[in-house]
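Residue numbers (my numbering), protein chains in the order written: chain A, 1 to 268; chain B, 1 to 252.
FYI, nobody ran anything at the bench for these hints, they're computed from the structure. Heads up, some of the hints might be wrong.
Claimed, not checked - Among the chain B residues that face chain A by a calculated CB cut under 8 angstroms, a handful are:
{"#": "1", "residue": "Thr61"}
{"#": "2", "residue": "Leu63"}
{"#": "3", "residue": "Arg64"}
{"#": "4", "residue": "Ile67"}
{"#": "5", "residue": "Arg84"}
{"#": "6", "residue": "Arg85"}
{"#": "7", "residue": "Ile87"}
{"#": "8", "residue": "Pro91"}
{"#": "9", "residue": "Pro94"}
{"#": "10", "residue": "Tyr95"}
{"#": "11", "residue": "Phe96"}
{"#": "12", "residue": "Phe108"}
{"#": "13", "residue": "His109"}
Unchecked claim - Non-contacting residues of chain B with respect to chain A, defined by C-beta distances greater than 10 angstroms in every case (computed):
{"#": "14", "residue": "Gly13"}
{"#": "15", "residue": "Trp23"}
{"#": "16", "residue": "Gly62"}
{"#": "17", "residue": "Asn72"}
{"#": "18", "residue": "Lys132"}
{"#": "19", "residue": "Arg179"}
{"#": "20", "residue": "Gly193"}
{"#": "21", "residue": "Ser204"}
As the list claims (entries may be wrong) - Some chain B residues judged to face chain A by a derived CB distance under 10 angstroms, without partners named:
{"#": "22", "residue": "Ser15"}
{"#": "23", "residue": "Arg19"}
{"#": "24", "residue": "Ala65"}
{"#": "25", "residue": "Ser80"}
{"#": "26", "residue": "Leu81"}
{"#": "27", "residue": "Ala83"}
{"#": "28", "residue": "Phe89"}
{"#": "29", "residue": "Leu90"}
{"#": "30", "residue": "Tyr99"}
{"#": "31", "residue": "Leu100"}
{"#": "32", "residue": "Arg107"}
{"#": "33", "residue": "Gly153"}
{"#": "34", "residue": "His160"}
{"#": "35", "residue": "Ile166"}
Note that this is a predicted model, so its numbers are computed, not measured. Note that CB positions come from ideal geometry on N, CA and C, so glycine has one too.
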Amino acid sequence: MSSRVSQVLTWFRVVFELSRVTFLDIIRDKILYNSLFFALIIFAFGILASQFTVSHPDRMVLDLGLAGVSLSLNFLSLLMGAGMLSKEIERRTLYVTLSRPITRMQFILGKYLGLAQIIFMNWIFLSLSYTSLLLFFRTESDLMTQALVVGLGFAFLEALILGAVSLLFSTFTTTSLSVMFCIGVYLIGKNMTEFHSLMKRTDRTLYRIFFKGITFFVPNLEQYSLGSQVTYGIAVPQGFILTTVLYTGVVILVSLSLSGLIFNQREL
Amino acid sequence: MSIEKGFAIEARGLSYGFRSGFWLKRKAVVHHIDLEIPEGQIFGLLGMNGAGKTTLIHLITGLRAPIQGQVNVFGFKADSLEARRLIGFLPERPYFHDYLTGDQFLRFHARLSGLDPHIEGERVKEVLQQVKMWGAKDKDLKTYSKGMLQRIGIAQALIHDPKVLILDEPMSGLDPIARREMRQLIIELGITGHTVLLTSHVISDIEEVCSHVAILRNGSILEKGPIEEFLVHGKLEEGIARWYKGESTDEL
Numbered sequence: 001m002s003s004r005v006s007q008v009l010t011w012f013r014v015v016f017e018l019s020r021v022t023f024l025d026i027i028r029d030k031i032l033y034n035s036l037f038f039a040l041i042i043f044a045f046g047i048l049a050s051q052f053t054v055s056h057p058d059r060m061v062l063d064l065g066l067a068g069v070s071l072s073l074n075f076l077s078l079l080m081g082a083g084m085l086s087k088e089i090e091r092r093t094l095y096v097t098l099s100r101p102i103t104r105m106q107f108i109l110g111k112y113l114g115l116a117q118i119i120f121m122n123w124i125f126l127s128l129s130y131t132s133l134l135l136f137f138r139t140e141s142d143l144m145t146q147a148l149v150v151g152l153g154f155a156f157l158e159a160l161i162l163g164a165v166s167l168l169f170s171t172f173t174t175t176s177l178s179v180m181f182c183i184g185v186y187l188i189g190k191n192m193t194e195f196h197s198l199m200k201r202t203d204r205t206l207y208r209i210f211f212k213g214i215t216f217f218v219p220n221l222e223q224y225s226l227g228s229q230v231t232y233g234i235a236v237p238q239g240f241i242l243t244t245v246l247y248t249g250v251v252i253l254v255s256l257s258l259s260g261l262i263f264n265q266r267e268l
Numbered sequence: 001m002s003i004e005k006g007f008a009i010e011a012r013g014l015s016y017g018f019r020s021g022f023w024l025k026r027k028a029v030v031h032h033i034d035l036e037i038p039e040g041q042i043f044g045l046l047g048m049n050g051a052g053k054t055t056l057i058h059l060i061t062g063l064r065a066p067i068q069g070q071v072n073v074f075g076f077k078a079d080s081l082e083a084r085r086l087i088g089f090l091p092e093r094p095y096f097h098d099y100l101t102g103d104q105f106l107r108f109h110a111r112l113s114g115l116d117p118h119i120e121g122e123r124v125k126e127v128l129q130q131v132k133m134w135g136a137k138d139k140d141l142k143t144y145s146k147g148m149l150q151r152i153g154i155a156q157a158l159i160h161d162p163k164v165l166i167l168d169e170p171m172s173g174l175d176p177i178a179r180r181e182m183r184q185l186i187i188e189l190g191i192t193g194h195t196v197l198l199t200s201h202v203i204s205d206i207e208e209v210c211s212h213v214a215i216l217r218n219g220s221i222l223e224k225g226p227i228e229e230f231l232v233h234g235k236l237e238e239g240i241a242r243w244y245k246g247e248s249t250d251e252l
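Excised from the complex, chain A in its bound form (with noise of 0.2 angstroms):
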């Protein structure tokens, strides 16, 4: 084996271990359980809904399941990356981690990892908690659909946005404020084309210019939310499935590029 590839083998081993430790970290926080409950309330309430509802009483449970499944894995996300560095910090478990001879870089890759990790293992156990419940209480035949499954893939991939983003935020901000930010872009990012239409609708330059650049710097998060093509089970395009996914991945390496660039000035 060339020097190069196992220099290269040995960068990722020590990612690979910070992630492992930061999933270790993760599973014992409160916040991990508090997010699944949060969904399994969602899923409760989805069903009694669907005990009043007169027509298509298993789209109520549908919805909001998948409702319920989304929110759980962004509430995680959301808390978990806000915290991750300050937390290190406050408990000054940092110095020794950073006194190795490893990159402030390799360090941010090796606790996103451990979150997405976890982001993923939540949800799997989502998802099967959730199509099983479709499955036990559904009296229509087509509610498992492609259109489902999709949409449950995007609500993953939202969450992987959503922890990069937050992430990157706690590079240089309190955790409490990192969590505002990400609420922010959230918000914005889910209410995209509310903003485009204001830009085209202003004529002031100075507003222009302020909704041009949030629509440029905040993530476009609408796109995750298939919305009726879930209800109505109408299948979602291949192309648009690719053109997501590539553009979670541009998303997630731009904020993790800038989160390494920036934590790697930060004064500990």
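Assemble chain B onto chain A, guided by the hints.
Below, chain B alone, put in the same frame as chain A:
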């Protein structure tokens, strides 16, 4: 300002300040420090709380970047990966990932240090035995006493067999027996050829283990040299009282 390659640790004109206040202006805590520590020396940094010992340690370990000057470890810039491969660091009042067992914790640090996976297990066993923690290797760190945490801290600093050990207040909070064991361990590390830089504000600890001393006050080195020079007039405490002009030197 040139840095020579012959020293284990060499600092020239080292300055650092923390940002504080609304405008984040820097408040200097380390001023123009020059320091040379040859290979194999056990060097003690003495100073009162707030003298700048920990900040100086963070500059040497590359955790902070100096605003002026330079610090090298065996000729490598302190914040370089090459320098960090040569350093083992125990921070003050260490807090580790306490959900790991002693064995898991050391393996984690071995992997971060790029230790060959084939010798990892052997090395973990070796350092655990060296710090007398082999029996507690499968216990979670959260069940460890203060003395055990300090010893496992030393073990993680030693895991990749570094040439330089930097120990920030290694005796802090230890009971007299654990303190004696820690002093003995540091002396043994010196005998085996390690360069050790340690800080303390307890004079007797430094007196017992160090061959050279520097006294830090308000971020500057007041005096430095072989410990014998400080012992000319009796105990180290009396020797250094000259520089502290009437201040209490029970604990620096």
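Problem - No chain A beta carbon within 10 angstroms of glycine 193 (chain B)'s - result: holds (21 angstroms)
Exercise for the section: Identify whether the interface hint at alanine 65 (chain B) stands, where standing means a beta carbon of chain A within less than 10 angstroms of its own. Expected result: holds (8 angstroms)
Handout entry: Supplied contact hint for histidine 109 (chain B), tested at 8 angstroms Cβ to chain A
Key = holds (7 angstroms)
Exercise for the section: Hey, is glycine 62 (chain B) genuinely clear of chain A, shortest beta carbon separation above 10 angstroms? Expected result: Answer for glycine 62 (chain B): violated, closest chain A Cβ roughly 7 angstroms.
Handout entry: Beyond 10 angstroms from every chain A Cβ - status for arginine 179 (chain B)
Key = holds (22 angstroms)
Problem - Proposed interface contact between serine 80 (chain B) and chain A, which counts if any beta carbon pair is under 10 angstroms - result: Where the cut-off is 10 angstroms and the nearest Cβ of chain A is about 9 angstroms from serine 80 (chain B), the hint holds.
Handout entry: Given as non-interface: tryptophan 23 (chain B), partner chain A, CB spacing beyond 10 angstroms
Key = Consistent with the label, tryptophan 23 (chain B) stays out of reach of chain A, its closest Cβ about 16 angstroms off (over 10 angstroms).
Handout entry: Restraint satisfaction for proline 94 (chain B) [CB to CB of chain A, less than 8 angstroms]
Key = holds (7 angstroms)
Problem - Interface hint outcome for tyrosine 95 (chain B) [beta carbon to chain A under 8 angstroms] - result: holds (5 angstroms)
Practice task
Identify whether the interface hint at arginine 84 (chain B) stands, where standing means a beta carbon of chain A within less than 8 angstroms of its own.
Solution key: It holds, given that the least Cβ distance between arginine 84 (chain B) and chain A is near 4 angstroms, below 8 angstroms.
Practice task
With chain A as the partner, please determine if phenylalanine 89 (chain B) meets the hint condition of a C-beta pair closer than 10 angstroms.
Solution key: Hint holds; phenylalanine 89 (chain B) Cβ to chain A Cβ min 4 angstroms, cut 10 angstroms.
Practice task
Identify whether the interface hint at glycine 153 (chain B) stands, where standing means a beta carbon of chain A within less than 10 angstroms of its own.
Solution key: Glycine 153 (chain B) check passes; min Cβ-Cβ to chain A is 8 angstroms, inside 10 angstroms.
Violation of the numbered hints given earlier is confined to hints 4, 16 and 22; the remaining hints are satisfied by the structure.
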